[in-house]
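Chains as they are written, first to last, in numbering that gives the first Met the number 0: chain A, 0 to 117; chain B, 0 to 897.
Don't take each hint at face value.
Unchecked claim - According to the in silico footprint, chain B covers these stretches of chain A (three or more CB under 8 Å from chain B):
#1 33-39
#2 58-70
#3 74-83
Stated by the list, open to error - Some chain B residues well away from chain A (every beta-carbon gap over 10 Å; in silico):
#4 T8
#5 G60
#6 E68
#7 N146
#8 S162
#9 R215
#10 F267
#11 E323
#12 R389
#13 M580
#14 G735
#15 M847
Claimed, not checked - FRET-style restraints, in silico, Cβ to Cβ:
#16 A:S106 with B:L42: 19 to 29 Å
#17 A:R88 with B:H322: 48 to 58 Å
#18 B:D314 with A:P30: 48 to 58 Å
#19 A:A99 with B:I807: 16 to 26 Å
#20 B:R14 with A:P30: 14 to 24 Å
#21 A:S100 with B:L871: 54 to 64 Å
#22 A:T75 with B:E67: 19 to 29 Å
Hints are computed from structural coordinates only; laboratory data are not their basis.
The structure displayed is predicted, hence computed values, not measured ones.
Note that CB positions come from ideal geometry on N, CA and C, so glycine has one too.
If you want the building blocks of each chain, they are given just below.
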Amino acid sequence: MLPSVTDMSKPTDLVQGTLDLLILKLLAIQPLHGWAISRRLRAVSNEVLQVSEGSLYPALHKLEQEGWIRAEWRTTENNRRAKFYELTRAGRRQLQEQAASWDLLSSAITAVIRLSEG
Amino acid sequence: MRLERAWTTLRLRLRTLLQRGRMQRELDEEMQFHLDHLIDDGLARGLSPDEARAAALRTMGGLTQRKEEVRDMWGLTWLTDLADDLRFAARSLMRARALTLFVVMALALGIGMTAASFSMLDALVFRPYPVPDPGRVVTLVSTSRDNAFEGFSHREFRDLEQSATSYDGLVASGTVFGVGYSPDARTSPRVKAGMLVSGDYFRVLGVEPSLGRSFRADEDRVPDRDAVVVLAHAFWRQELSGDPQVVGRRLRINGREFTVIGVAPESFPGMFIFSRNDFFLPLAMGRLFEGAAERDLLEDRDARALTVRGRLRRDVSLAEARHELAGIAAAFARSHPDLYRGRGASVRTQLQMRTQANDVNWKFGLIFTLLSLCTLLVACTNVAGLLLSRARARTREIAVRLALGAGRTRLVRFLLAESLLLSGVGGAAGVGLGYVAIQALRRFSIPADLPMSVPFQMDVRVLLACVVLAVASAVLCGLAPALQSTRADVAVGLRTADIDPPGRRSMWGRNALVVSQVALSLALLTATFLMARSFQHSVRDAAGLDRGDLLMARLDPRLLQYDPARTQRFYTQLTERMRQMPGVVTTALTQNPPLGLDAFERLAFVPEGYDMPRDRETLSSQVDAVDDGYFAALDIAIRSGRGFTAHDDSTAPRVAIVNEHMARHYWPDGDAVGRTLRIGGHDGTPVEIVGVAQTVSMSSNLERPDDFVYLPLAQRPAARMVMLVRTTGDPLAMVGAVREAVRAIEPDLPILELRTYDDLVRYSMVEGPAVAVRMVGTMGLVGVFLAVAGLYGLVSYHVARRTREIGIRMAIGASHADVMRLVLGRGLTLVAIGTGLGLLLGLALERMIDSMLFATAGIDFVSYAIVVPLMLAATLLATWLPARRALRIEPTVALRCE
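All chains should be built: construct the whole structure from the sequences, respecting the hints.
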């Protein structure tokens, strides 16, 4: 049994849209299937960010419906059929916008926090 | 890129709707894949398979719930936006209940009325023939200078069949007005409607009999040989109780035994809009139903009584068919030069056949539709005005939404959703209203013993029109206000509850609304008044015709196989008998009384000594054969010369009476009496004009005065006649006597129609127009009501907005008069501009209606004299009431009100 961040705070508690941003970013590097996304997310965030495995799928499908990512069935290296997601051009633009506004938000929050410390 | 994204998302969303099963299976597989990996992980960490599985499921947070979540999401993204918009719209509309109610009502009235008028136009013009692939059924017509829609004769039809190659088949049909039907020889015959058809009729039109068979080609070859009949479905059901064994049964039609060979399907009541026939009979039996005695339907090349239709071949265009037919017509002219002078032929589509220039019915349909569209337009401007006022009043709300980050598109969409919802509800109510109106229209029946139908109905095309109208009006009344209010400056909007954005653009829009509303409703009202007044004229004129004590009986001795001589003997005997009866002033015989329902025959003639137009062989006019009592019985004055007498019989010199219009037409010097007409051509029978009769309306009270020739019945015998009996007392008291008199001479002869003449005229000339007057009147009233209400709303809103300004003005010493001038001045300017435009528009409309229907000379000033002050008064009231309210405001209150 894995102790995980999600046990204390559910992913909906993540800032709204953050999960979307993370998924888009991961897919911008290379097309991935759901399982790989969840592993990769955990690995690159040093196990800090861990999405509830289930809630990944509603998010993926929503992004697909919005036209930001595109799905395709391919075979994995273990010869299993899996649904791979990749970024569309609209998704790439969406990623840029979201990343920019995230930067803005996080630097603002950082500034505020530093301010209160100082 | 945007397009690409729209395309992929649309495709995906459609997939979630249409391929739900497959999407689900894919989702199952996808999540199973994830679960398997989790289980593998668990096993790798040394858990038992069961434990691993349980742990994996826990990590997923429940497989089923997650799948449910995804599925919800599929549906949601598709619907959320629309549902959100509609829900918000509904909520905000419920808050403004009075406004909502008014708008829905206005739109319902507009859409409902348009639906009703359109159903009329639809029935008269657009409804396709009740046969498979109706678009390829065309009508072949013989054309001449006077008539571009004439039929063909039987001989011509057979020649066409031989030489035309553009069609999958040609059919001919001829209506026979009344046939005598009796189930057996002992029963006295009743009148029914028949239709002569060529042998291929059903096969070419693609109609399969519901019982038995249709005609064989050889049953239409030998004259008078094959007495077979196909029954119409309605006749079979009503008269023969839908007898399934009917094929082979024998019926008597016009005294001859016919064998039933089939029953037409219910879906095929015939090819005509109004008339429904009971029998389909072979063309070769035509002589049994022959009209005029002197012509032979089957042999005479110029007896053009048949409607010829063809099913155009798929690989032949209309132009090619026309070209071919013109060639055939030219060949006709080469072989019979005397019969084809100035005559050609053409191919007409269904639409062309139904929109003939001389037919007023479809024009009424068109005018009504245009007028009701005008009403709808008034309703739309109205609603637009109201929504605009409302949107301005909501400036703050919208500014807040904009400030919170709502996109402009999204807000426009929301506002459009509001008007879509309004017009949707309005449209639904309009369909209901239209349905009621159509039912009311259907109740208007045509007085005839033969089956006539008024085919107005709420069908697919009418419903479709309603939907289109509803959506169009939603966009029309919603878009402008939506665009304008979202343009508002956020900062300004947040500061005040309601303020005009700087610049003139928005004011211009609102002013334009007021002006167009006044103009449109004024034009509408003018047209309404014009039509109502014209109809009223017609009703009054019809009443002016002295018809009070006339009884009419329609007779046709051909139903009993009378020959022409015996027919005339019968009419002479009947006249003698009737005139001797006590209570009878006089009697008249006519082929068709004035304002009756039949069309008059036409007579070709050459006036002797008249300079004929170079390109014409003969002139033509309407004609009626009447007896010596006609002018006295109908009280038509003889202006000069004499009327007919009993001496104008078949042995006497041939004479004629013309109406004043015709006398002035050819002999403007007033010396028509004594002149000679040559019937049929310049070497035809000479006929002396012995009298000039007063011009009366013959076919319709709305007709332009036209030439008319009366000939003595004895010199131009006809079989189907109407006897008019002028009585001293109640004409209906004579009904028994008329029946008795006919029975005494010929016991088997049915009386086709027996009613007071007043009845006939009232039906055709009064009740029809009365329905029209009511329809047009309703439109006008609704238009004015909407316009006044809309104006009131706009103007009073305008005044309310200036409450503070008025307060300031009064506080610094403006008098009541000053303020009144201020408020009224603006409103009046707009109304004046609107009135001017409306007058111009009304004039154009009047010209149009005039050119389509009536011969009203010049402009109808009375209409304007009533309409313009009415509109002015209405708008003044709408301006004055709010102005007065503004004056009552205490300056202190006004100043505080913001």
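Quiz item: For the stretch 58-70 of chain A, do at least 3 residues have a Cβ located nearer than 8 Å to some Cβ of chain B?
Solution: Contact hint for the stretch 58-70 of chain A vs chain B: holds, 7 residues under 8 Å.
Quiz item: Cβ-Cβ distance between A99 of chain A and I807 of chain B: within 16 to 26 Å?
Solution: violated, 49 Å
Quiz item: Since R215 of chain B was said not to touch the interface, does its Cβ keep a gap of more than 10 Å from each Cβ of chain A?
Solution: holds, 65 Å
Practice problem: With 10 Å as the threshold, tell me whether F267 of chain B passes as away from chain A on beta-carbon distances. | Solution: The claim holds: F267 of chain B sits with its nearest Cβ about 51 Å from chain A, beyond 10 Å.
Quiz item: R389 of chain B clear of chain A by more than 10 Å, beta carbon to beta carbon?
Solution: holds, 33 Å
Quiz item: When you take the CB atoms of S100 of chain A and L871 of chain B, is the distance between them in 54 to 64 Å?
Solution: holds, 60 Å
Self-check item: Cβ separation of R14 of chain B and P30 of chain A, checked against the hinted range 14 to 24 Å
Solution: Distance hint for R14 of chain B, P30 of chain A holds at roughly 20 Å.
Quiz prompt | Nearest-CB test (10 Å) between chain A and G735 of chain B | solution = It holds; G735 of chain B is separated from chain A by about 84 Å at its closest Cβ, greater than 10 Å.
Self-check item: Hint check for P30 of chain A and D314 of chain B - Cβ pair distance inside 48 to 58 Å
Solution: holds, 54 Å
Exercise. Evaluate the condition: distance from the CB of M580 of chain B to the nearest CB of chain A exceeds 10 Å.
Key: Fine: 90 Å to the nearest Cβ keeps M580 of chain B off the interface.
Quiz item: Has the hinted range 19 to 29 Å been met by the Cβ atoms of S106 of chain A and L42 of chain B?
Solution: violated, 45 Å
Quiz item: Would the least Cβ to Cβ distance between S162 of chain B and chain A come out above 10 Å?
Solution: holds, 64 Å
The structure fails to meet hints 4, 5, 6, 16, 19 from the earlier list, while all remaining hints are met.
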